[in-house]
Amino acid sequence: NSKVIQTPRYLVKGQGQKAKMRCIPEKGHPVVFWYQQNKNNEFKFLINFQNQEVLQQIDMTEKRFSAECPSNSPCSLEIQSSEAGDSALYLCASSLGSQNTLYFGAGTRLSVL
Amino acid sequence: SQLAEENLWALSVHEGESVTVNCSYKTSITALQWYRQKSGEGPAQLILIRSNEREKRNGRLRATLDTSSQSSSLSITATRCEDTAVYFCATGDSGYNKLTFGKGTVLLVSP
Chain B
11 NSKVIQTPRY LVKGQGQKAK MRCIPEKGHP VVFWYQQNKN NEFKFLINFQ NQEVLQQIDM
71 TEKRFSAECP SNSPCSLEIQ SSEAGDSALY LCASSLGSQN TLYFGAGTRL SVL
Chain E
820 SQLAEENLWA LSVHEGESVT VNCSYKTSIT ALQWYRQKSG EGPAQLILIR SNEREKRNGR
880 LRATLDTSSQ SSSLSITATR CEDTAVYFCA TGDSGYNKLT FGKGTVLLVS P
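Residue numbers (the working numbering), protein chains in the order written: chain B, 11 to 123; chain E, 820 to 930.
Keep in mind that a hint or two might mislead.
Said to hold, decoys possible - No more than 25 angstroms apart at the CA atoms, straight line, and that leaves these computed lysine-lysine pairs for DSS-like:
#1 857/E - 37/B
#2 845/E - 30/B
#3 875/E - 845/E
#4 875/E - 49/B
#5 857/E - 922/E
#6 922/E - 54/B
#7 37/B - 73/B
#8 54/B - 857/E
#9 845/E - 13/B
What the hints assert, rightly or not - Covered stretches of chain E (chain B as the covering partner; in silico rule of three or more C-beta atoms under 8 angstroms from a C-beta of chain B):
#10 845-852
#11 872-879
#12 892-904
Read the hints as simulated data drawn from the structure, not as lab findings.
Note that the structure is predicted; figures quoted are calculated from it, not measured.
For each residue, glycine too, the CB sits at the ideal point set by N, CA and C.
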């Protein structure tokens with residue numbers, strides 16, 4: 011069973027508001043991923059980290075999205091100015107390595123009204 | 820374009836029956852993973868099968884990998900209602916830092 015903890019489970023924001031969600035990866039896992047899953051179950055990779063350093067991120071993440079994984083603190087994903095199209099389930103996962111099993115949290119479901 | 824894709828959007832079976840979910844992918848891979856996502860939960864890995872393996876089992880689950888046709892299958896025998904979930908295949912290429920997930924197949928197991 012996954013021990014990745016995501017908070018909050020649900021987040022409701024108005025358009026233009028900031029939305030911030032957090033993730034505590036499984037202990038000992040140096041790699042952390044953020045994915046966005048839409049209502050059609052489609053995954054979109056956003057960003058991943060290895061030991062607090064960004065490995066890879068998509069263009070969307072570079073603009074309105076920001077993320078960090080500081081040592082000894084939860085990882086976080088923040089949307090600076092939420093848009094209706096950002097409504098989705100945001101999944102955090104951790105792993106021993108980028109080519110290993112991903113352990114997912116239950117997700118944060120963001121609704122932008 | 821999708822690097823991995825399940826071939827059917829939805830399947831429905833009765834408890835006790837067997838079912839197979841298929842997946843095709845478009846690039847060379849080092850491994851293919853199958854995940855299951857139940858309602859209200861994050862995905863959980865079922866099987867990881869590496870490119871030099873042809874078959875892998877995990878209890879009632881059996882995954883196959885055919886690198887020549889770039890396809891994989893996940894079979895579930897003696898299905899149970901609790902197998903109701905969305906099933907995803909996921910791949911990473913030789914230099915990957917991330918997994919790319921298919922669109923998923925919804926499996927409904929009814930009593």
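Structure-based check of each hint:
1. 857/E - 37/B: This hinted pair holds, its Cα atoms lying about 24 angstroms apart.
2. 845/E - 30/B: violated (35 angstroms)
3. 875/E - 845/E: Roughly 21 angstroms between the alpha carbons, so the hint for residue 875/E and residue 845/E holds.
4. 875/E - 49/B: With a Cα-Cα distance of about 31 angstroms, the restraint between residue 875/E and residue 49/B is violated, given a limit of 25 angstroms.
5. 857/E - 922/E: holds (15 angstroms)
6. 922/E - 54/B: Status holds; Cα separation ~10 angstroms.
7. 37/B - 73/B: The given pair, whose Cα atoms are some 30 angstroms apart, is violated under the 25 angstroms limit.
8. 54/B - 857/E: Holds, at about 19 angstroms.
9. 845/E - 13/B: violated (32 angstroms)
10. 845-852: holds (count 3)
11. 872-879: n = 0 at 8 angstroms, threshold three: violated.
12. 892-904: It is violated, with 0 qualifying residues against the three required.
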